[in-house]
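K.L.:
Listed below, chain by chain, are the residues.
Protein chains: 2
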Amino acid sequence: MKNYKFLIEYDGSRYYGWQRLPEKNTIQGKLENVLTGMCGREVEVIGAGRTDGGVHAKGMVANAFLETERFPEEIRDYMNAYLPEDIAVREVREASPRFHARYNAIGKTYQYTCHVGKVKSVFDRKYCTRLEETPDLEPMLEAAKLLKGQHDFRNFCVNPRMKKSTVRTVDRIDITYKGDYIHFLFHGNGFLQNMVRIMVGTLLEVGCGRMTAEQVRTVLENPDRQKAGPTALAKGLCLVSVDYD
Amino acid sequence: MKNYKFLIEYDGSRYYGWQRLPEKNTIQGKLENVLTGMCGREVEVIGAGRTDGGVHAKGMVANAFLETERFPEEIRDYMNAYLPEDIAVREVREASPRFHARYNAIGKTYQYTCHVGKVKSVFDRKYCTRLEETPDLEPMLEAAKLLKGQHDFRNFCVNPRMKKSTVRTVDRIDITYKGDYIHFLFHGNGFLQNMVRIMVGTLLEVGCGRMTAEQVRTVLENPDRQKAGPTALAKGLCLVSVDYD
Numbered sequence: 634m635k636n637y638k639f640l641i642e643y644d645g646s647r648y649y650g651w652q653r654l655p656e657k658n659t660i661q662g663k664l665e666n667v668l669t670g671m672c673g674r675e676v677e678v679i680g681a682g683r684t685d686g687g688v689h690a691k692g693m694v695a696n697a698f699l700e701t702e703r704f705p706e707e708i709r710d711y712m713n714a715y716l717p718e719d720i721a722v723r724e725v726r727e728a729s730p731r732f733h734a735r736y737n738a739i740g741k742t743y744q745y746t747c748h749v750g751k752v753k754s755v756f757d758r759k760y761c762t763r764l765e766e767t768p769d770l771e772p773m774l775e776a777a778k779l780l781k782g783q784h785d786f787r788n789f790c791v792n793p794r795m796k797k798s799t800v801r802t803v804d805r806i807d808i809t810y811k812g813d814y815i816h817f818l819f820h821g822n823g824f825l826q827n828m829v830r831i832m833v834g835t836l837l838e839v840g841c842g843r844m845t846a847e848q849v850r851t852v853l854e855n856p857d858r859q860k861a862g863p864t865a866l867a868k869g870l871c872l873v874s875v876d877y878d
Numbered sequence: 634m635k636n637y638k639f640l641i642e643y644d645g646s647r648y649y650g651w652q653r654l655p656e657k658n659t660i661q662g663k664l665e666n667v668l669t670g671m672c673g674r675e676v677e678v679i680g681a682g683r684t685d686g687g688v689h690a691k692g693m694v695a696n697a698f699l700e701t702e703r704f705p706e707e708i709r710d711y712m713n714a715y716l717p718e719d720i721a722v723r724e725v726r727e728a729s730p731r732f733h734a735r736y737n738a739i740g741k742t743y744q745y746t747c748h749v750g751k752v753k754s755v756f757d758r759k760y761c762t763r764l765e766e767t768p769d770l771e772p773m774l775e776a777a778k779l780l781k782g783q784h785d786f787r788n789f790c791v792n793p794r795m796k797k798s799t800v801r802t803v804d805r806i807d808i809t810y811k812g813d814y815i816h817f818l819f820h821g822n823g824f825l826q827n828m829v830r831i832m833v834g835t836l837l838e839v840g841c842g843r844m845t846a847e848q849v850r851t852v853l854e855n856p857d858r859q860k861a862g863p864t865a866l867a868k869g870l871c872l873v874s875v876d877y878d
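Top to bottom, those sequences are chains A and B. If you read the first sequence in the numbering used here, its first letter stands for residue 634, the second for the next number, and so on. If you read the second sequence in the numbering used here, its first letter stands for residue 634, the second for the next number, and so on.
Simulated from the structure, these hints should not be mistaken for laboratory data. Small disclaimer: the values here were computed from a predicted structure and weren't measured. This list has only true hints and no planted wrong ones.
Same chains, same names: a pair is fine if it fits in one copy or spans any two.
Result set (SDA-like, lysine to any residue): computed pairs, CA atoms no more than 25 Å apart in a straight line:
1. 751 x 876
2. 753 x 658
3. 753 x 714
4. 663 x 753
5. 781 x 739
6. 657 x 670
7. 759 x 646
8. 759 x 749
9. 657 x 758
10. 751 x 662
11. 753 x 867
12. 751 x 671
13. 759 x 717
14. 663 x 759
15. 860 x 825
From just these sequences and the hints, can you work out the full model?
P.N.:
Below, the structure written as structure tokens:
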């Protein structure tokens, strides 16, 4: 049995999320089914993280132990032939037996895309969230500066009690206006469930004048008593890449 | 009643094509339903052309006579609110009563997109056709040069007998390689049914060495006895724009 590292892209629209669940359409489930078929025995696929239902990925990383005579490129081609058209394996490589896609991940990059054009966008409608108003950049940048750094993000996730620690470090938040689009880029050492979407929802509240940067500071500093902004829609979110040493 | 000109964008994947047909999901049908609802009386929408099932448009032009008090921008917003998410009205303008989207069209631009990457493309899978082999540019350019100009394109369409004349002028064919994509751009005074897709299918045959440019010349010059290449898939095709005086 050898350990393999996979670089995976998917359109999450049709899926219940990454994590395998009985009777549900999931990315992990699809990958495991195909690899189990290829190897003739049950295969477990370990992802770098668990994207929620409707969230996309251009650079999800996963690993799995496989008993196979195939070369990595042949595994890739086999998987792409049997996977549905909204999941693609970009790369397969042999990895050290100790490589673990989740435990070894030291950073992640997420992008969130909003569309602010007067007219809805047809061709990328599944990959961006349409806003009715155009938020102001300056207050969002100010609030983003506060979100950066190491914080207890308990207010910026769902199910905080499921986690040993809700402290994370976000070292980069870029906000870029480009034509009819606003792109948010987040890099950090890890993100809690819904954390990027709640940060985006909060930044948009600030950009639209419904919340001040000062309130964001209060939410961060008082994790037990204050509430962050709403959770932005899943479809605007995409896992861009995962970092390893 | 005033005449209005519409600039329309759509993802044709779910549709049977532009033209209204009983019991079928069509772009014209959707537009007419929404405008009929808005005006409280039957509205006919005249398109610049009839795209086939699965073909997309970024710049379809249409016109319709409407009895309404609304401003053009309000008509646009009304339509976008009621149209499905894969059809958008980019612009509505009042037009001269004599404007006819089909009769007055003097030129059209179509783009056809192929994907030649080793790994299938997930996010634009509905807007490009995946090729198993990468065609050579040089022979395609040579064949494209022959297709340009005024010709009887009877061999490059379906149902040629439905048309009074199958003579058309194609004055521009650009072929561009960009990363994992090949873009074909066609401009002409008009295109017969399936004509762009058959031209693309023929150029790809030439690019992959299964047909010579010389054979393309023979097909063009002997409309009754020779056969062009296969019809490329609908999903790679997009109507980019329509020209008027």
